[in-house]
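> Each chain, written out:
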Amino acid sequence: MPKFRKETQVTSVTDTSSSLLGKAANATPAPIASRIRGISDRSMAWLFITPAIVLLLAINIFPLIWAIYLSFTNFRANRPNAPIEGVGLSNYSRVLNDPNIWQAMQTTAHFVFWTILLQTLIGFSLAYLIDRKFRGHAFWTTVILVPMMLSPAVVGNFWRFLYQPQIGLFNYIVSFITGVPPSSFEMLGSVQLSPWAIIIVDTWMWTPYVMLICLAGLRSIPDYIYEAAEVDRASLWRQFWSITLPMALPFIMLAVLFRGIENFKMFDMVTLLTGGGPGSTTEVASITLKREAFESWRTGRASAFAIILFVAVFGLANIYVKALNKVKQR
Amino acid sequence: MKTMKQALLGATSALVLFTAAPNLAKADELTLCWAAWDPANALVELSKDFTGQSGTTMKFEFVPWPNFADRILNELNSGGKLCDLLIGDSQWLGGSAENGYYVKLNDFFDKEGIKMSDFADAAVNAYATWPKGTPNYWALPAMGDANAWFYRKDWFAKPEIQAEFKQKYGRDLAAPATWDELKQVAEFFNGREIDGKKVYGAAIFTERASEGITMGATGALYPYGFKYENTPGKYDMEGAVNSPDAVAGLEAYKALYKCCTPPGYTDAYMGESLDAFKSGQVAMAMNWFAFFPGLYKDEKVGGDKIGFFVNPKEKVAASTLGGQGISVVANTDNMEGALAYIKWFAQPDVQKKWWSLGGYAVHKAVLTDPSFPESQPFAADFLVAMNQVQDFWQEPSYAILLQAMQKRLHDYVVADKGTAKEALDGLVADWTEVFKDDGKL
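Protein sequences, first through last, are from chains A and B.
In this text, residue positions in the first sequence follow this note's numbering: the first is 1, and each later residue adds one.
In this text, residue positions in the second sequence follow this note's numbering: the first is 1001, and each later residue adds one.
For the record, the hints were derived by calculation from the structure and aren't laboratory data.
As the structure is a computational prediction, the values presented were derived from the model and not from experiment.
For glycine and all other residues, C-beta sits at the position ideal for the given N, C-alpha and C.
Treat the hints with caution; some may be incorrect.
Quick list of the computed label-pair ranges, beta carbon to beta carbon [what the hints assert, rightly or not]: (1) Lys1315/B - Met149/A: 51 to 61 Å; (2) Pro1131/B - Phe113/A: 48 to 58 Å; (3) His137/A - Ala1429/B: 52 to 62 Å.
My request is simple: use the sequences and hints to build the entire structure.
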C-alpha cells in the first residue's frame, strides 16, 4: 500500500514537472513534497529572499531610517535619560553653517581628487605596460598587486614608520636623492606635506586595484580591431586614442567610481597615519563625523551630517553612473 | 521518541546551565575597569588581599589610554554590565552622576563610617564630588595624580655642561622652577651632543585625538594665570579663558614645542614622552606622577640618573590634575561585593600598602605620615603638586569641551594656524555654544 501511494504521488508531481516547484517536489521525499506542492512559485520565491530582506532591513534600512529620525532631534547617546526633543532642521542648518565641517569637506575633496587622478593615471599606465605581455609579466603583476592585499591598519602603521623623520626610510630616500637632511622635514607633522603624505599612501595601496580593472578593460578589446587598424595603417598613437582609450573608458570610469566612493568615506588609513592632524589639516569628513558622533556625542547633529554625506555620495554616484551608461552605449 | 525527548531535555538543560553560568559566578566575582598602565598592575597585586579576605574573585578590564574614554564611555552609555567597579577619569564625574551611571555613595559612607575628611581635600573635590563644591560623593579617591617633570640628572651634573650653562645664563644648572627657566634649559640642551648622540630639550604632550595636548598645554596655561571662568559656576569665560595671561601661557607652550622637541613630535602623549626619555633623546620630559615609580626603577635611565620636579610656576604655582576615583557602576549585578571592595580599599592600612606598591594613595594616613616625603624621590613633589592642582571642566558635556580645546590648541601649537589670542577666542566661542546648548547660558 505505501508503495502504491508513493507511485501515485510521483505521477501527480510529474504533471507539474515543467515548473521549478515541480522539480523541487520530484527530488524531495514524499511527506515534504506534499507540503511543497501547496506553495506557489511566488511564495517559494518570497521564502527564499525573506531572510536576505530581513537582514537588509535590520542592518541597513532600519539604521538609515533611525538616523534620519535622530537627525531631527537633540538626542545624545551619552545622555540616554534625557528627553528626546525635535529640533526641526536645526541640526542640518548648524552642520551646513559649520566652518569646521566645510573645511573637512574641502580636505576630503582634495584627497579624493588627487588620489583618483594619480591612481587612474598610474594604474592605467601600469595596466597598459602589463598588457604588453613581456617576459615575467605574471610575476610583476603579482608584485604590483601586493599593496592592495594588505590591511589598511597594517599599511597605516607601516607608513607611519616609513615617514618617521629620524629613522624613516622615506625620509632617507628623499634625503639621498635631494641632499636635504632627513630630519629636516616631517611628512606627517607638516601642514604643507601631510595632505600629500596621505595621498601618497593611498595611491601606493590602491593603484593596483585601478590597474586590475583597467587591465580587464584592455584585455576585453578584441585583437581583430587592432589588426583592422594596422591594415588601415593607423599609427600606434592613433590606435591608442581611437581604439584603446574609448574601449577601455567604461572600465576606467568604473574604477574611478569605486575609488571615489571608497575615498569619500576614507577613515582607517588616515586615522592611523595622522589622526586628522596636524591640527585639522588632514581631517577628512569621516573623521569629523566620528568625532562628532562618538567623542562629542552630539548624536543628532552627527546623524544630520551623516545623512548629508549619504545624499551627496548617493547623488554624485547616480549622476556618474548615468554618464557611465552613456559612455557604454556609444 | 522517548530517547529524542531525553536528548532534547538534556540539551536544553545544558544550554540553560551554560548561559546561567556567568551569572552564578558573578555573585562572588567582581570586574574592575581601569586604564592599562603601571598603577593598574599594582592594583592587581593589592587586590589579592581583598580576594584573600572576602573570597571574591577579582577580574580586571584594563584599556589602553588612547581608547580608555571611548571604550568605557561606550560601555556606560550602552548600559553594559562589563564593569562592577570603575576607576574613571575625574572629568567623567558630572556626566556619570547626572546620567545615573555611578552609585551615589553618601549613605554608604555614612553607614560604614568612611569619612571624606580622611582624604586630601583637593583629591576629594576632584575625584569624588558632583556638583563641585557640594558634599555629594560618587567615588572614593583612588589614585592621586598630576602632571610633572623628570630630567637627566646625570647630564645636569656633568661639570662641563654646568660650567657652560653658568657662563651663558649666569646661574647654576638645576631643575627649572619657572617656565622661563624651563625654556632656557630646554634650549640649552636642544641639539647638543651628549655621549656621542644628538639630544633634544624636552618631550611634551602634543597628542590630538584624545586629551594629550590639552593636558600638556594646561601645564603652561595654569601657571600663567589661565582661568575657566571669571566667577566659578557662572560660565563667564570671556576675559578668563582668553586673558592676556592665558595668551602668554599658550605662547610659552608653543615656543617650547617649536624650539626644543625631537623631530616628528607632532602627536605625542604619555607613551611617546616615556620613549623619548628612556631612549636618551631628551633632557627633560613631562608626564604623570603615575609613571615615576617605573621610571625610577628603569635600569638605563632610572636611579641616580633621573631627577624629578613639580610643574614650574610662572605667575602662580599650578599643576594639571590627573588621577581618578573609584566608583560603583549602577548597573552592576554584584552591588554588595562592589561596595565591600570600596569599604576595604578605604582602610588606612590598605591605602598604605597601595602607596608602597606604586599606587598614589591620597588618604591622609599616608600623606601626613612623617616618613612620606622621603619614601620615594618624587613623594615630596607629589605632595606639592596635589596642593596646587587644577582640573579641566567636569561638566556632563566635558567631551565636547575637551574636543574643542584639542582642536584649537593643536591648530595653533602644531599646525601654526592663527595666533594664541585667536585660538583662545575661538575656544570661548566653542564653549559658549556648548553651554548655551546645555541651557547653562
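> Taking the hints in turn, state whether each one holds.
Hint check results:
no., hint, result
1, Lys1315/B - Met149/A: 51 to 61 Å, "58 Å, holds"
2, Pro1131/B - Phe113/A: 48 to 58 Å, "50 Å, holds"
3, His137/A - Ala1429/B: 52 to 62 Å, "59 Å, holds"
Going through the hint list in order, the structure satisfies each hint without exception.
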